[in-house]
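Chemist: If you want the building blocks of each chain, they are given just below.
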Amino acid sequence: MATQSVTADKAVEKAAGYVSAADRVMNAAMIASGIGSAVLGLMVVGAEVNTGLKAFLTWDKGVGPLAGKVGIAIIAYVISWVALHVTFQKQSPKLMTALWITVGLLIVGVALTFPPIYMGIASAIAPH
Amino acid sequence: MHLTDRELWTLIHGMGFGALYLLAFAGGIAGLYSLRTKLVTVEGIADRVSRLRWGSVVMAAAVWLTVIVGTFIVYPWYRATPPETVDTKAQSAELMDYPRYWLLASEETAEYHHFGMEWKEHVAWITPFLATAVAVGVFAYGKELSTDRRARFVLMGLFILSFALSGVAGLFGALITKAAPII
Chain A
1 MATQSVTADK AVEKAAGYVS AADRVMNAAM IASGIGSAVL GLMVVGAEVN
51 TGLKAFLTWD KGVGPLAGKV GIAIIAYVIS WVALHVTFQK QSPKLMTALW
101 ITVGLLIVGV ALTFPPIYMG IASAIAPH
Chain B
1 MHLTDRELWT LIHGMGFGAL YLLAFAGGIA GLYSLRTKLV TVEGIADRVS
51 RLRWGSVVMA AAVWLTVIVG TFIVYPWYRA TPPETVDTKA QSAELMDYPR
101 YWLLASEETA EYHHFGMEWK EHVAWITPFL ATAVAVGVFA YGKELSTDRR
151 ARFVLMGLFI LSFALSGVAG LFGALITKAA PII
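Sequence lines, in order, name chains A and B. In terms of the working numbering, the first sequence opens at residue 1 and continues consecutively. In terms of the working numbering, the second sequence opens at residue 1 and continues consecutively.
Treat the hints with care, since some could be wrong.
[Claimed, not checked] Cβ-Cβ distance ranges computed for the label pairs, FRET-style:
1. B/T41 to A/Y18: 21 to 31 Å
2. B/E7 to A/T87: 45 to 55 Å
3. B/G167 to A/V82: 26 to 36 Å
Simulated from the structure, these hints should not be mistaken for laboratory data. Glycine is no exception: its CB is placed at the ideal position from the N, C-alpha and C atoms.
Build the full structure now, drawing on both the sequences and the hints.
Modeler: Here it is in structure tokens:
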């Protein structure tokens, strides 16, 4: 009986748009992973389009521009995670909304790291 | 039998941390899928959640170490520039010490670099972000995972995506290593 009551309470909370403490923590970590991925994709395209940016991203001679691309993506991931974690304690999207935002960002990230796409964009923007 | 330092680090990257993550995925996804009140007792849920917590942290750590070792230790050997005395237009024995240039020296192998390595080196870095989010979710929800179908669905979705992307990276890693090993 007690279990049924708890389950019913949760159903009412979810129907009313209630976002649990665990949902808030998850939403921040999940969207931050999407932001890190999308920033990585943007850095990949940026380095291909702009030689100045490519040189700037070469933080390590051995690794080449990949070091800066992943470095910037990790910085964006960590900063956005902390910022979203704090923000979502006050107001947070629902779990499924956060999931779809994350999926959108991941599509951007995966697409922009796919060679035919990022090289195609680069050759369209900067043919040489 | 002899392993060079480079071969050893390549093994640690791919067959150590990388394989650990890919193999542990099966256990992790089964653990998440079956974590339901109708399938497990109350004591069983506590035990499984504890194991999932440890497992998800180990998997996230493994995938972070895979990409860090791959990028900052192994990758510089792959992309090292040969001295000017080595001809980069033909796949010679001297050029084999420089895998990137060896692949690019023939039209038959150039796509291993242009498509395979160019995608692998970037897309692999998405997996630690996703694996970390899964580990955070397992800790945040804990026993709630057994009653919250949405949370299980979200975590399994991110986990499968992370596995798929690391699978892409692992597949190209194996193909490139076969074509132009780092020795």
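Chemist: All hints, please: hold or fail.
Modeler: Results for each hint:
1. Checked against the given bound of 21 to 31 Å, the beta carbons of B/T41 and A/Y18, roughly 29 Å apart, stay inside it.
2. Here the CB-CB span from B/E7 to A/T87 is close to 47 Å, well matched to the stated 45 to 55 Å.
3. With their beta carbons about 30 Å apart, B/G167 and A/V82 fall inside the hinted range of 26 to 36 Å.
Hint violations for this structure: none, all hints satisfied.
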